[in-house]
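S.K.: Please work from the sequences and hints to get the whole structure.
Single-letter residue listing:
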Amino acid sequence: MSENPKNPENPENPKNPENPENPENPENPENPENSENSENPENPDSREPESSEASKSSEGAKAASVTSGTQREDVPAPAVPVVAGPAPAPEPSGRRRLVAALWPPRVTRAQLIVALLLFVLGLGLAIQVSSTSDNSALRGARQEDLVRILDELDDRTQRLEDEKARLEKQRTELESSSDQAEEARKQTQEKEQQLGILAGTVAAEGPGITLTVGDPTGAVESDMLLDAIQELRAAGAEAIQVNGVRVVADSYFTGSGNDMRIDGTKVAPPYVFKVIGKPEDLEPALNIPGGVVQTLEKEQATATVERSAKIVVDALRPAKRPDYAQSSSQ
Amino acid sequence: MIAVLGLIVGVVVGLLVRPEVPAVVEPYLPIAVVAALDAVFGGLRAMLDGIFVDKVFVVSFLSNVVVAALIVFLGDKLGVGAQLSTGVVVVLGIRIFSNAAAIRRHVFRA
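Chains as they are written, first to last, in numbering that gives the first Met the number 0: chain A, 0 to 329; chain B, 0 to 109.
To be clear, the hints were calculated from the coordinates, so they are not data collected in a lab.
Among the hints, erroneous ones may be present.
Below, computed lysine to aspartate or glutamate pairings styled on EDC-like, alpha-carbon distance capped at 20 angstroms [stated by the list, open to error]:
no. : chain 1 : residue 1 : chain 2 : residue 2
1   : A       : Lys297    : A       : Glu204
2   : B       : Lys76     : A       : Glu143
3   : A       : Lys297    : A       : Glu220
4   : B       : Lys76     : A       : Asp144
5   : A       : Lys309    : A       : Glu204
6   : A       : Lys297    : A       : Asp226
A short, non-exhaustive set of chain B residues, derived as facing chain A with CB atoms under 7 angstroms [to be verified]:
no. : residue
7   : Ala2
8   : Gly9
9   : Arg17
10  : Pro21
11  : Val23
12  : Val24
13  : Pro29
14  : Val32
15  : Ala35
16  : Leu47
17  : Asp53
18  : Ala99
Built from N, CA and C at the ideal position, the CB exists for glycine as well.
M.R.: What follows is the structure in C-alpha cells.
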C-alpha cells in the first residue's frame, strides 16, 4: 500500500528499500516489509538482489561491499525468517529484530566481537568524560590553544605587574606628600600659635610681672599708660593685658582720669598690667630712675610691681582681617 | 545482549579504573569516540534493517576511528586542527542523526 505511490511505474524496482534513507517519508517503516512481501509470492529470488541493494543504499558506510550471502550467515536471528522465505512468513520488523537480538542472549562470534568493540568504545567514552569533567578545560585543550592561553596569561600578568608598580609608586607619592602635608600643617599650627600670641587671638601664660597702677586722684593720663606699655615692650614683654583688655600692635589709649579707654573699651583704675616676659628685665625697666614708676608716683599715682612665676594672659581679641594691607611676600 | 553488556562493562571499567591516557593519544580520543559512536549507530541501524554483518561492523568501527584520528592528526600538522576536528565532529554528528532517525523509524514506526 504504502509503496503504491512509487511502485505503479515499476513494481519490480529494487530501489524501493532506499526509502528508509529518506527521513521525510512517513511511510518508510512499512516500506521494507511491504515491498518485499508483495514481491515474495511472485518472485522469491528477487529478494536477494533487492536485499543487497538495500544494504548498499541504507548502510552505505559499511555494507557497501557485502554480499547478501554473508549476511545470511552472520545475522542468525533476523535471517532465519528471511531464509525461510518460501513460507509466507512476514519479514521481521526492526523492532522484532531488536528484541530478537537482545533476548535471549547468544554467544556468537559476532556478538563477542561487537561486545569487544563496544567495550572499547565505552572505555574511551568513560575516560574522555571523566577526564573532561575531572579537570579544567585545559586538559582537553589543543596545543595552539594552550599556547594562546599562556600568551594571554603572560600579557595579563604583565599588565597586572605594570598596574601594581604604578599603584605602588602612587602610594609612595601619597605617603610622602601626606608626610609633607603633615609637616606643613604642624609648622602652620606652630606659626599660628606664635602669631596668635602676638595678635592676641590665643591665651598665653608664662613668667612675668604684674604692674598695678592706682589712681586715687584721677591724674593718670593715657600717655602715661602708653609709656608704661612702651617700656615693657622695650624690655621684652611678649603678651600684655590691662584690666581685661589685650594690648596688641594696634592698641591705642585715649582719655584720661575717669574716662580712660583702651581700644575703645573703658577701663577704670586701678590699672592692672599683666605682662609675660622675663621678670628680671621687666621689673628694672619699670623701676629705673626717671622711669615709669617714678613718673607715676610724681603724679600722685601709685605703682607696684610684683614678679610672678606664672602670669596668665587670657584676654582675647578677635582675629582681624586687614582691609587694605596685603602680604607682599609670595 | 552481550554487545550491550560489553558497552556497559566498558563504561563502568573506564569510570572505575580511570586509566591515564598517554599524552600522544589524548587529542584524538574525543574524535575517535565520536567516530566509534557513528559506527555503532550505523551498526544498530543495519541490524534493524536486517543487514548487519559483524565483519563490516568491525572494519567500519576501526576505520572510522583511524580515519578520524588521522584527519585530526593531519589538521594539527597543517595548523587547522581545531577547524578540522570541528568539521569531523559535524560530519559524524550528521551521520549519527540520520542513523538515529532510521533507527527511530524502525523502533517506533514513526
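S.K.: All the hints need checking, so say for each whether the structure fits it.
M.R.: Cross-check of the supplied hints:
1. Pair hint lysine 297/A plus glutamate 204/A does not hold up; C-alpha atoms about 32 angstroms apart against a cutoff of 20 angstroms.
2. Between lysine 76/B and glutamate 143/A the CA atoms are separated by roughly 11 angstroms; this keeps the pair inside 20 angstroms, and the hint holds.
3. Distance hint between lysine 297/A and glutamate 220/A is fulfilled; the C-alpha atoms sit about 13 angstroms from each other, no more than 20 angstroms.
4. Distance check on the hinted pair: lysine 76/B and aspartate 144/A sit about 14 angstroms apart at the alpha-carbon level, within 20 angstroms; holds.
5. Taken as a hint, the lysine 309/A and glutamate 204/A pair is honoured in the structure, with Cα atoms around 7 angstroms apart against an allowance of 20 angstroms.
6. Of the supplied pair hints, the one linking lysine 297/A and aspartate 226/A holds, its CA atoms being roughly 14 angstroms apart against a limit of 20 angstroms.
7. The restraint placing alanine 2/B at the interface with chain A holds, with a minimum CB-CB distance near 4 angstroms, inside the 7 angstroms limit.
8. For glycine 9/B, the interface hint holds, the least distance from its beta-carbon to any beta-carbon of chain A being 3 angstroms, beneath 7 angstroms.
9. Contact between arginine 17/B and chain A, as hinted, is supported at the beta carbon level, the nearest pair being about 6 angstroms apart and thus within 7 angstroms.
10. The beta carbon of proline 21/B is not positioned within 7 angstroms of any beta carbon in chain A (closest approach about 11 angstroms), and the interface hint is therefore violated.
11. Nearest Cβ of chain A to the Cβ of valine 23/B: about 12 angstroms, over the 7 angstroms cut. The hint is violated.
12. Because the closest C-beta pair between valine 24/B and chain A is about 10 angstroms apart, greater than 7 angstroms, the hint is violated.
13. Look at proline 29/B: its Cβ gets to within about 5 angstroms of chain A, closer than 7 angstroms, so that hint holds up.
14. With 7 angstroms as the threshold, the beta carbon of valine 32/B comes within range of chain A, its nearest partner Cβ sitting at about 5 angstroms, so the hint holds.
15. Interface hint at alanine 35/B: satisfied, since its Cβ lies 4 angstroms from the closest Cβ of chain A, which is below the 7 angstroms cut-off.
16. Restraint check, leucine 47/B versus chain A: the minimum CB separation of about 4 angstroms is within 7 angstroms; hint holds.
17. Because the beta carbon of aspartate 53/B sits about 3 angstroms from the nearest beta carbon in chain A, less than 7 angstroms, this interface hint is met.
18. Given the 7 angstroms rule on beta carbons, the hint for alanine 99/B is violated: about 10 angstroms separates it from the nearest Cβ of chain A.
Hint compliance for this structure: hints 1, 10, 11, 12, 18 are broken, all remaining hints hold.
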